[in-house]
Amino acid sequence: METIFENNETLVIEILEDLSAKQKHLPSKLFYDEYGSHLFDQICDLDEYYLTRTELSILNNNIDEIVNVFRPNTLLIEFGSGSSVKTKLLLDRLNNLSGYIPIDISEEYLYKSSEKLKESYSNLAVYPLAADYTKPIDIPIIKDRVERKITFFPGSTIGNFTKSEAKDFLKIIAAECGKGGGLIIGFDLVKDREVLLAAYNDAEGITAKFNLNLLRRLNREFGADFDLSAFEHIAVFNEEDSRIEMHLTSLKDQSVRIGEREFTFLQGETILTEYSHKYTLGGFKELSEDYFTIEKYWTDENNYFCIAYLSVKLK
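Just so you know, the sequence shown maps onto residues 653 to 967 in this note's numbering.
Hints should not be assumed to be uniformly reliable.
Between beta-carbon pairs, the in silico distance windows are [said to hold, decoys possible]: (1) T932 <-> K904: 37 to 45 Å; (2) K904 <-> N712: 45 to 53 Å; (3) F915 <-> Y687: 19 to 27 Å; (4) G935 <-> E771: 19 to 27 Å; (5) F915 <-> G832: 46 to 54 Å; (6) E661 <-> G934: 37 to 45 Å; (7) R868 <-> T814: 20 to 28 Å; (8) I886 <-> N714: 31 to 39 Å; (9) K815 <-> V737: 25 to 33 Å.
What the hints contain is simulated information worked out from the structure, not anything from laboratory work.
Computed from a predicted structure; not experimentally measured.
In this text, a Cβ means the ideal position worked out from N, Cα and C, and glycines have one as well.
Hey, can you work out the whole structure from these sequences and the hints?
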């Protein structure tokens with residue numbers, strides 16, 4: 653299984669710098685090797701993990717209105733496409749797309765999903781792109797019948813960025829979609845902290861396996877010697893910044909090597925592995941308003957989650 657990193661040496665430097673910081677941290681893109689991608693699919697099916705089923709219910713309940721934002725000869729671009737389960741709800745109702753570009757960091761997973769899509773939608777031109785979309789990438793230029801571009805970014809993945817990173821990423825999407833373009837995006841809403849904490853601390857321990865897989869991957873691909881049994885998954889809610897933070901806590905004083913570098917961990921010291929920001933509608937409007945206008949939005953009956961359609965602001 654391969655995961656695409658455009659410059660592996662750059663990633664190694666990033667990992668070493670992150671583990672040298674006062675608050676040790678690691679890039680969450682390391683979660684998604686093939687095993688990590690499969691674990692995340694399992695997480696999406698958990699009772700506690702409301703995000704996926706809630707977003708799917710919003711899509712299902714409002715699909716006619718959502719696909720109505722498309723026009724003939726629209727190019728659909730998706731960042732972090734994964735298994736494309738949500739995308740299929742759109743594709744089932746869109747027969748006049750100029751093409752679909754799924755972008756994902758897990759190369760083998762991406763190509764398997766794309767082949768299945770080609771079998772299911774024989775008239776759809778699919779152009780899979782294996783890339784780390786958190787870095788600058790060259791999206792294929794599709795000239796055939798492209799009159800408009802819409803990006804699909806579901807799953808509340810925008811919440812994994814810091815606020816400044818999210819703004820930068822939205823700027824990239826706006827530039828890619830251009831005049832007349834748009835963005836369909838899912839984001840998680842602020843809610844009761846107990847509901848939030850349960851979603852990231854499931855009883856079956858799948859999220860814990862997912863988090864620890866990051867260390868397993870460092871051992872396998874980057875020459876590290878983490879003892880996985882000496883670290884424990886925790887998730888906490890940072891009320892001030894309105895975000896869930898996932899950590900791996902050292903269960904003892906220990907040292908870990910990555911290549912020639914050694915890192916010391918005190919008992920109770922943590923590695924921050926992921927943010928998951930939660931937004932109010934007003935907060936998301938403020939986040940996106942430099943580059944987009946919110947045209948429509950849809951929520952569930954509990955106001956747990958939101959899908960919004962944003963149009964690119966003309967500059």
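Worksheet item: Going back to the hint list, which numbers does this structure go against?
Response: 4
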